[in-house]
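Trainee: Input sequences plus hints: build the corresponding full structure.
Residue numbers (this note's numbering), protein chains in the order written: chain C, 29 to 429; chain R, 29 to 429; chain Z, 29 to 429; chain A, 29 to 429.
You may find that some hints are simply not true.
Here are the simulated distance ranges between beta carbons [to be verified]:
1. Z:E419 with C:D393: 23 to 31 Å
2. A:T422 with R:L420: 24 to 32 Å
3. C:H150 with Z:G375: 35 to 43 Å
4. A:R244 with R:P114: 42 to 50 Å
5. C:G376 with Z:H58: 57 to 65 Å
6. C:A382 with Z:N415: 51 to 59 Å
7. A:T422 with R:G364: 27 to 35 Å
8. C:E86 with Z:L410: 28 to 36 Å
9. R:E419 with Z:K314: 39 to 47 Å
10. Z:E419 with A:R204: 56 to 64 Å
11. R:G364 with A:A382: 41 to 49 Å
12. Z:A281 with C:F391: 45 to 53 Å
13. A:R204 with R:A267: 27 to 35 Å
14. Z:L410 with C:T394: 48 to 56 Å
Because the hints were derived from the structure by calculation, they are not lab data.
For each residue, glycine too, the CB sits at the ideal point set by N, CA and C.
There are 4 protein chains.
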Amino acid sequence: MKRIGIITSGGDCGGLNGVIKGAAAMARAHGATCFVIPNGYAGLYNLIEFDSLTELTEERIDAIDANLAGSEAGHSRVKVKKIEDPNKYERIKAGLKKFNLEGLIISGGDDSGSVLVDLTEHGIKCVHAPKTMDLDLQTYSVGADSTINRIATFVEDLKTTARTHNRILALEVFGRYAGHTAFRGGVAAGADAIIIPEIPCDFDIIYAHMKQRYFRRIMNSDVRSGTYMIVVAEGIKDASGNEIVDESSTPDAFGHKRLAGAGTYVTQQLTKRLKADPTVAEHMKKAGMFVQGINEIPEVRAVTPGHLVRCGHSSAYDVNFGKEVGSGAFILLNQGISGVTVAGISGGKVRYMATKEAIAQRFVDTNQVAIYEAQGICFGRLPGVVNTVPELLTGNIERLY
Amino acid sequence: MKRIGIITSGGDCGGLNGVIKGAAAMARAHGATCFVIPNGYAGLYNLIEFDSLTELTEERIDAIDANLAGSEAGHSRVKVKKIEDPNKYERIKAGLKKFNLEGLIISGGDDSGSVLVDLTEHGIKCVHAPKTMDLDLQTYSVGADSTINRIATFVEDLKTTARTHNRILALEVFGRYAGHTAFRGGVAAGADAIIIPEIPCDFDIIYAHMKQRYFRRIMNSDVRSGTYMIVVAEGIKDASGNEIVDESSTPDAFGHKRLAGAGTYVTQQLTKRLKADPTVAEHMKKAGMFVQGINEIPEVRAVTPGHLVRCGHSSAYDVNFGKEVGSGAFILLNQGISGVTVAGISGGKVRYMATKEAIAQRFVDTNQVAIYEAQGICFGRLPGVVNTVPELLTGNIERLY
Amino acid sequence: MKRIGIITSGGDCGGLNGVIKGAAAMARAHGATCFVIPNGYAGLYNLIEFDSLTELTEERIDAIDANLAGSEAGHSRVKVKKIEDPNKYERIKAGLKKFNLEGLIISGGDDSGSVLVDLTEHGIKCVHAPKTMDLDLQTYSVGADSTINRIATFVEDLKTTARTHNRILALEVFGRYAGHTAFRGGVAAGADAIIIPEIPCDFDIIYAHMKQRYFRRIMNSDVRSGTYMIVVAEGIKDASGNEIVDESSTPDAFGHKRLAGAGTYVTQQLTKRLKADPTVAEHMKKAGMFVQGINEIPEVRAVTPGHLVRCGHSSAYDVNFGKEVGSGAFILLNQGISGVTVAGISGGKVRYMATKEAIAQRFVDTNQVAIYEAQGICFGRLPGVVNTVPELLTGNIERLY
Amino acid sequence: MKRIGIITSGGDCGGLNGVIKGAAAMARAHGATCFVIPNGYAGLYNLIEFDSLTELTEERIDAIDANLAGSEAGHSRVKVKKIEDPNKYERIKAGLKKFNLEGLIISGGDDSGSVLVDLTEHGIKCVHAPKTMDLDLQTYSVGADSTINRIATFVEDLKTTARTHNRILALEVFGRYAGHTAFRGGVAAGADAIIIPEIPCDFDIIYAHMKQRYFRRIMNSDVRSGTYMIVVAEGIKDASGNEIVDESSTPDAFGHKRLAGAGTYVTQQLTKRLKADPTVAEHMKKAGMFVQGINEIPEVRAVTPGHLVRCGHSSAYDVNFGKEVGSGAFILLNQGISGVTVAGISGGKVRYMATKEAIAQRFVDTNQVAIYEAQGICFGRLPGVVNTVPELLTGNIERLY
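Mentor: Take a look at the structure:
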């Protein structure tokens, strides 16, 4: 295969530039060339109208900074399925033919993966380099580690303001169906509570945990200082297991309804309980914090960093993984393998899965959650049982890096 | 003076721990001791009820990390004027007497400064160490430089996500009446437009500037990539000079009404114009970005980092300045000077102003704005005239550090 | 088991505080308590002389910041084998007995692991939580990911100064026998060459790679700007496979001789070749950089960040992994398993290896190196063959997080 | 003036790209154009041989990232005075004539400033935008604030490793004659001792300060943890006022002899005293740290970050200041003012000094040092007297931003 198009799609995150560089450099090593198809599926659909495509020469690859998050190739909100043009696949094929592109490397999440399955069925050879900040594919996917590090840093930073005002703070992060980044970012930063879609949240349990811990900290501090930090995924469910969906919103391009602000919801739930709890005033008085009519209960605040958790820099792991799955995608494509998702390269093997299988949603393992509940983090339920069987390993074991 | 209380108050920010350390260490050097009055005016009002106060010994000073933003002493939303207790000043004096505190060092902004004027009039000796992230006092005040650096970093980081999706992005930051941090953070990060309360914003002007620059970037990019970054202060005014106040909100403890979300407002103003502009589709088509019904105009998004711009770390300058005004506050208090605001220490002089004068609001100088308009930044008006007279300096000149 | 001592030992790095917090919190969840044995094996040897030990209560655990690198428990250069006291094991046992400590959790690298084997043979129950920044144990070990991120950031930062002066720059990092962190940090930051102990370095090959790439960049730059970045591990070998050891140095506590400065060595090797190469002046002239007697060849510089790559913050992954292996260490110890190294917790299993096996040195896989050689990075040899067999995966796969 | 050349020279640092962008954008606003003269004086000397120069169009200015430290224009080690060509000024003039450059904006330090004086005397119109990381000009100069922030961050980070091993650590930074960055970075990071060229260092005084503070911290820590952090400028002098020069080194292009490693020197001085002090073993025993033959005295280590303190990112202030002095340089040049150094823009005035006067070295004010000695920082002498006269200010005062 001599000429390959690269597309990145979906939400942006860390590691995407690593995928592009890895694919393009590996192609060059095999005498092939990669070309950028700009702005995701918008560019793919409009390919036929382009005068020229940017070739990823040694020089041009050099100019891409893999340490920067986001994608040099660009994304758009266009999903192939949603394009109403009945001739869209013909138009796409005509575009590929115009530039003699023999295959595609597509980096994206589950929506992109399903597009890839479509394209493959329409006879277009494609390999999928997994990307989703949410980490809810079966494989690891670029972006998650960068985001988890950013979430952790933000929580850590927010502790200074929370402690100064003795506030309870909820940081709302992405995670519509799976809470991997809230979970791992929260653990990393020492959050007191982590609320994820996988575990319906009983706010009475969070409240009780918060009240004990918050006032203990304040009373044990010689300057009467304390806080309670919550990390909450946008897609949380209440104790009855219902999503906190904003019913008034219209579905997006991918058919998803907007969720209600999880941070605000947490704030309201806790404030309501603080106001209704007659013992809080007593605690505030003991702490010297109570002032009638002005400072009777602690404040609860939400922070929603939004795009800030997905931008800026790529973590070292995401660049490494990105370069490997990008390279691997070329190697597989070059060997005629299509419709698959690269899982990684190790021990001289390019590991991959069928894309249909790879994009099945993967949720946070509640066994793992129980390990952290035992360590004192509240997940909005009564702590699970730590069910850990020792397992002896021998020989060469799989590991990060 | 042998025993002094330290209070920090108002919004938290960088440099406050420097103030506390500087004051306490300078007191120790003069054989005096500082004590922490916890949680701002809540602690001052309730002082009488405390069993003990934390003394800032060598050990305890050591334990305060001046590199962390926020305040070891703590803040609260309590403002002395708002406390309804008619005996509040007697109660405060009784508290001070209980612990034999002869004077107060208060670090805060204009509201704290006015409390300090009150307290002075009630016979309590106080010196003011200026703090406001907003930089709208007459003197420099701790917190501004830290915040400006954080704003700049956030804008820089956001460029990766904005460019990836070819989005126009507005970062909303604090600044109710004065736009110093939006201005300086925006300049530092190379924002394309900066909207501040001092300059009523004509969105037609912003829109024209945006459209030219945004599409120029995309067409000049070999991967059709571009963005347009806006930094907007919360307290912006529209072209007729009216604040974007949320009328439905109730006034806070300091009598301020909540402002409408400036980021959202900017987003709406620009999106409205993009939708109404018949030439945009043509530009989108030329860029290969147009897809009927899905991607007809560029997206405009807002990010509101909130507390994230005021937390985390203190900049080096804020720690240096904080330690100097903290030290200076003790020196002045120890010499019997009260009711004043420290402006800095240099050349062997502790410089100060009457607090009444120091807390007069200082706005962004529109002469300085014109310098950046000439450099291509849009401030929502037609560029001002660069009116710069050369001025020859000789001898020892004032400078940062 | 009710009372357990925690020891951290060897070089410090990220994730250690996670280990301590994870172990102590998991112990509390089982009704047991952990105690800090201060300063590594110095504290263990002197335990008998302590009046008290710090108990890791809920409060005290709270006070440990897992986001900070390094260890709250402290380290020292003491290795039990090197202590000349013939009664040392009796003394250690007496110390453990004095405080009724029934077992030890020890976090350290290969040297600590071998001490653990010793202690186990002397009847002291211990579990090993793997730590080594160098990543040269069989399992993943806390510290590596934090260090790799720091190396990557430093290389990225150094590009600004290198490009400004058109310098070739070598960043020297730790890695006496294994080059994992140089390798992964270099890949992450887009280093042009990476020199690791596993691959004897032929400087003629590096030189040729550098010359081509460096001058290509400069000539392709419209401001005649270029650089070439090298990451080099301290323990590199020359083309004949000999270590660059400083023969004049005396062995350290662990019997290791000091290695010669790898950064300086690289600098000398490249400068020597630049001086001897008659075509360099021509290149310099073409670039407009040549000035007789002053600027005839490009400069090569070395930077040795030393401790800076191991301090500061822990990466999110290191905290997560640390908390898990700390927890796992308690769980195993509590089940009577001793003399083992925790490899991780996943899927409800605490996975472990015999410590003797776990501390066997693991080197960089040269198959993986070949993947990056194909992408254009020079490792001081002719590029290896990319020998990658596709491997289809199904079902639940192992992954980071 | 319609065509202007921009040169940056000397050591690189933060803010330089701000200067370039500010100058070029302000020129454009006046209908003039700036051109990059690549690689400092090497490019100026070789200008005659260039085929073309890069014009700073709107597009090209856009491509310069002011947040990155270093200079897009490039530097070199070439100093005009050192070029042995007797016709060098004619050659330079011919180069300027070839490209019709009517004036130069030069950003550099004292050496660049003196070149500028030379060039002016040879009839070339130039304005100087002050740059020196060392901050030893009369005006503020870009780079200092960025460097001070980096030094502070490094010291802060190093505390984790120092505390873990109970080490005394010395961070060596630049500062041959003036210690501004060591001073301000050290204050910002809470260094225990700061050694600067302005104050000859009595190591007996440092030692006594260290011993008291180091062991106090360890004994007051419940985990026997402590450190002592030193920031030392490369150009320190010993108690007799002699520089620690490496006599064996040959003078550099600017006639300076290499200084001995200040970090290593500090390490040796303190270690020597620790070894000779019979009471140290007693302290080590009390702390439970003593092990015969292995751990008898605390370790002292030096870290030399070198280029790491001058690279990476520019602080917000440096970008703001850089853009202002760059703009100001154009404005002055355009008004026919030459041979001067821009000091800043404020209140509608472009302030400047004669370059001859501006490049006179400015040292750390020992009055300011005394303020920090009173706060407990040791500067290698007996604490100075705090000589602070209160000074009342009124009206509009000068301040940062």
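Trainee: All hints, please: hold or fail.
Mentor: Verification of the supplied hints:
1. Z:E419 with C:D393: 23 to 31 Å: For C:D393 against Z:E419, whose Cβ atoms are near 24 Å apart, the range 23 to 31 Å holds.
2. A:T422 with R:L420: 24 to 32 Å: 25 Å, holds
3. C:H150 with Z:G375: 35 to 43 Å: Roughly 38 Å apart at Cβ, these two residues keep to the hinted range, so it holds.
4. A:R244 with R:P114: 42 to 50 Å: Hint holds: Cβ distance 48 Å, inside 42 to 50 Å.
5. C:G376 with Z:H58: 57 to 65 Å: Cβ of C:G376 to Cβ of Z:H58: about 43 Å, so the range 57 to 65 Å is violated.
6. C:A382 with Z:N415: 51 to 59 Å: 24 Å, violated
7. A:T422 with R:G364: 27 to 35 Å: 20 Å, violated
8. C:E86 with Z:L410: 28 to 36 Å: 18 Å, violated
9. R:E419 with Z:K314: 39 to 47 Å: With a Cβ separation near 45 Å, R:E419 and Z:K314 satisfy 39 to 47 Å, so the hint holds.
10. Z:E419 with A:R204: 56 to 64 Å: 58 Å, holds
11. R:G364 with A:A382: 41 to 49 Å: Since the Cβ atoms of R:G364 and A:A382 sit about 44 Å apart, the hinted range of 41 to 49 Å holds.
12. Z:A281 with C:F391: 45 to 53 Å: Between Z:A281 and C:F391, where Cβ atoms are some 48 Å apart, the hint holds.
13. A:R204 with R:A267: 27 to 35 Å: Given range 27 to 35 Å: violated, Cβ gap about 54 Å.
14. Z:L410 with C:T394: 48 to 56 Å: Check passed, 50 Å falls within 48 to 56 Å.
In this structure, the earlier hints numbered 5, 6, 7, 8 and 13 are contradicted, and the remaining ones agree with it.
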